[in-house]
Amino acid sequence: MNSLLKKLSVRSPWLFRINAGSCNGCDVELATTACIPRYDVERLGCRYCGSPRHADVVLITGPLTARVKDRVLKVWEEIPNPKVTVAVGICPISGGVFREGYSIEGPLDKYIPIDVNVPGCPPRPQSILEGVVLARKIWLQRLGVEE
Amino acid sequence: MAGFLKVLFHNVLDGPSTDPFPLGETFTPQRFRGKVVVDPDICMGCGICRHVCAAGAISISPRPDQSGYDFTVWHNSCCLCAQCRHYCPVGAITLTNDWHNAHPQEEKYNWVERKFVPYVPCADCGTPMRPLPLSIARRIYLNNPDINVERIITLCPKCRQVEDARTHSSCAWPAAAKPGKTAGEGAPAKADATAGDAAPKE
Amino acid sequence: MVDTLLALLHMIIFPGGVFALAVGFFFKGLDRRFEARLQRRVGPPLKQPLLDIAKLLTKETLIPNTASRTAFLMAPVLGFAGMAVCAAFIPVPGVYHGLTNMGDLLVIFYLLPVPAIALMLAGSSSSSPFGALGFSREMLMMLAYEVPLLAVLLSVAMVVGKGTGAGAEFSLAEIIRYQAAAGQLGFNPIMMPALAAYLMFLPGTMGVAPFDIPEAETEVLEGPLLEYGGPPLAMFQIGSALKTFVVLGLGVALFFPGTLGDFWLVNLIWFLCKCLALMVLSLTLVKAATGRFRIDQAFWFYVKYPTALSLVSLVLVWVL
Chain E
1 MNSLLKKLSV RSPWLFRINA GSCNGCDVEL ATTACIPRYD VERLGCRYCG SPRHADVVLI
61 TGPLTARVKD RVLKVWEEIP NPKVTVAVGI CPISGGVFRE GYSIEGPLDK YIPIDVNVPG
121 CPPRPQSILE GVVLARKIWL QRLGVEE
Chain W
1001 MAGFLKVLFH NVLDGPSTDP FPLGETFTPQ RFRGKVVVDP DICMGCGICR HVCAAGAISI
1061 SPRPDQSGYD FTVWHNSCCL CAQCRHYCPV GAITLTNDWH NAHPQEEKYN WVERKFVPYV
1121 PCADCGTPMR PLPLSIARRI YLNNPDINVE RIITLCPKCR QVEDARTHSS CAWPAAAKPG
1181 KTAGEGAPAK ADATAGDAAP KE
Chain X
2001 MVDTLLALLH MIIFPGGVFA LAVGFFFKGL DRRFEARLQR RVGPPLKQPL LDIAKLLTKE
2061 TLIPNTASRT AFLMAPVLGF AGMAVCAAFI PVPGVYHGLT NMGDLLVIFY LLPVPAIALM
2121 LAGSSSSSPF GALGFSREML MMLAYEVPLL AVLLSVAMVV GKGTGAGAEF SLAEIIRYQA
2181 AAGQLGFNPI MMPALAAYLM FLPGTMGVAP FDIPEAETEV LEGPLLEYGG PPLAMFQIGS
2241 ALKTFVVLGL GVALFFPGTL GDFWLVNLIW FLCKCLALMV LSLTLVKAAT GRFRIDQAFW
2301 FYVKYPTALS LVSLVLVWVL
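Protein chains in written order, with the working numbering: chain E, 1 to 147; chain W, 1001 to 1202; chain X, 2001 to 2320.
Some hints here could point you the wrong way.
Claimed, not checked - In silico lysine-lysine, DSBU-like type, Cα no more than 35 Å apart, as pairs:
id, chain 1, residue 1, chain 2, residue 2
1, E, K110, W, K1115
2, E, K137, E, K83
3, W, K1006, E, K69
4, W, K1006, X, K2047
5, W, K1035, E, K83
6, W, K1035, E, K137
7, X, K2047, E, K6
8, E, K137, X, K2047
9, W, K1006, E, K110
10, X, K2047, E, K7
11, W, K1006, W, K1115
12, X, K2162, W, K1006
13, X, K2047, E, K74
14, E, K83, X, K2047
15, E, K6, E, K137
As the list claims (entries may be wrong) - Coverage of chain X stretches by chain W, computed from C-beta distances (three or more under 8 Å per stretch; other residues unrestricted):
id, stretch
16, 2029-2041
17, 2284-2295
Unchecked claim - Label pairs and their in silico Cβ distance ranges:
id, chain 1, residue 1, chain 2, residue 2, range
18, W, S1135, E, V133, 51 to 59 Å
19, E, E78, X, K2304, 37 to 45 Å
20, X, G2291, W, G1015, 52 to 60 Å
Hints in this document: simulated from the structure, not taken from any laboratory. Since the model is a prediction, treat every value here as computed from it, not as a measurement. Backbone N, C-alpha and C define an ideal beta-carbon position, used for all residues, glycine too.
So that you can see chain E by itself, here it is in the shape it has in the complex:
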């Protein structure tokens, strides 16, 4: 029963966006996956939720600026387990074009365990969907259930 619930649970990954000082390019691409019929992320059972407490898959954009670092870590801590963290765009992964800037604390995996990387500047909406599918796989592994 429990394993059945776990197996079913990955078919409803609720997404939560954290903007860690992003330029908004990646955020726009994230919005397109929900708002443009062509990409329709709801098909995978996803839903962009407003509260970190509802989230399963966390999509983080932006290079983690000094001002926003503590808030990002705090919000990330608020998300109930099990959670899968996806870094969207090159900024959270490596710092991207902002790397080694005076106000950049990133890359993000110095502070938060990242599970999936979706590089791109910004990544294609299809790329983000690919990342969400990959996150589902990792979520299943974390629950200890074979697909």
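Given chain E's structure and the hints, the job is docking chains W and X onto it.
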């Protein structure tokens, strides 16, 4: 008021316009800027791509044994601006339309384009160097039909100067003398330097 | 004893409990699917609401340190319990005539705001400023849409009461019996404004666009539900599915309780079809086509149109 009802009605009639991806195939534009690839046969190692790269994603590191250099592009830093492609003088670096970029964290540091570009010894003196691609050389020497392009691309820059001096009569190179390493250019350079130094003193 | 057992059975299996849950979740799935189709999307699978519940049950429950623990955990249960009881009172015309034979309309009127009150409790007990914002918005919305609901129920009761000579009839069974004899109220010209008011009341009470102001995820981060996650949130969703059944079933009972013959299965399916039509008309179409009102716009919308329409019906019933 009825306008939006009409739109909704047509939406239902037309059916979904959703792309089947990730459950099926999707389209990729021909000129989509995706992952960077480099052709190690053409690359000359001039480094202009590294210079113009906005994100600092390109690294060119010569090997200590002088066998060549490693050309690395970090896909996790590349911002897909295609400046490298624009500025590459020989067209060795290009962007494919491959956008399948999502990867798990374990592969983060392997998510690179890494090519080994070997040096070729100069035909005359044996100095390790990168040869110019033949097609590029033909274009460069298009207006100089007297230059033997096939030969000149196998020479290092210094030997090329020597070769030029030997084959063109404007420079009187003694036909008997062997091409030396410094004899040709060392003497005039020294003369220039002394002249330059001397001038302000007077 | 037998009556109590029967009432319990009605509450747990039909029409409350299992049946209401099944219908509620099926309708929620259909709603999301059809909304997606209206926007040229594919949409989630029909069982998506159930998958969401399954997911939420596997997540951990986090309770804020500063929250009032008991109230925080009891709020979803309260909302669920209110609707579970309420669902037993919903008559299915031709199949089931309601739990009691007198005054159940009043009981439903008092039980309908329970989920909203549970949401307010949730918002205020979670000790989050967004929860408090959601609380005040929910309260304002409730004040706005309860007035037209009361006027609609009153006008229906008075029409039926005039017909049977009882003054005002608050028994749903009597209301259905009257409509079977004297024609359905939804086709009665004096009751049309009340029907329109009821249709406008539905999106407000279900909290869907353009009236999802208390739970606006982009403005107040889901408002009262902000601190909920895991099983308590699942409880809220189950309560919401039950509420879908309750308000749609109530609408059918009040305005279109017609039956097709005497066979119960046909009548059941006919009832579900009418519920579905009501939902598509008042919830899905509106949700797919509109954005979100500001709280003052929504408040004045409810004060102006549904209240005015339902009062028109009430006065017409009184005068004619």
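Hinted pair, alpha-carbon criterion (35 Å max): K137/E, K83/E. Please report holds or violated. holds, 12 Å
Next pair to validate is K2047/X with K74/E; report whether the Cα-Cα distance is within 35 Å. Holds, at about 34 Å.
Discussion item. For a C-alpha distance cap of 35 Å, please report whether K137/E and K2047/X respect it.
Written reply: holds, 21 Å
**Report entry** Pair hint outcome, K2162/X versus K1006/W [Cα-Cα no greater than 35 Å]
**Finding:** Not OK: K2162/X and K1006/W at ~41 Å, beyond 35 Å, violated.
Can the stretch 2284-2295 of chain X be counted as covered by chain W under the rule of three residues or more with Cβ-Cβ separation shorter than 8 Å?
That given contact holds, which follows from 3 residues of the stretch 2284-2295 of chain X lying within Cβ reach (below 8 Å) of chain W.
### Message
Check the hint pairing K2047/X with K6/E against an upper bound of 35 Å on the C-alpha distance.
### Response
Holds, because 16 Å separates the two Cα atoms, which is no more than 35 Å.
- Given hint K137/E paired with K1035/W - CA-CA distance at most 35 Å: holds, 24 Å
| field | Pairwise beta carbon distance, S1135/W to V133/E, judged against the given window 51 to 59 Å | value | violated, 43 Å
K1006/W and K110/E: Cα distance at most 35 Å?
Not OK: K1006/W and K110/E at ~53 Å, beyond 35 Å, violated.
Q. Regarding E78/E and K2304/X, is the given constraint of 37 to 45 Å on their beta-carbon distance met?
A. holds, 40 Å
Given the hint that K83/E pairs with K2047/X, does the C-alpha gap stay at or below 35 Å? Between K83/E and K2047/X the Cα gap is close to 23 Å, so the pair holds against 35 Å.
Practice task
Count the residues of the stretch 2029-2041 of chain X whose CB lies closer than 8 Å to any CB of chain W, then report whether that count reaches three.
Solution key: holds (count 6)
Hints 3, 9, 11, 12, 18 and 20 from the list above are not met by this structure, while the remaining hints are.
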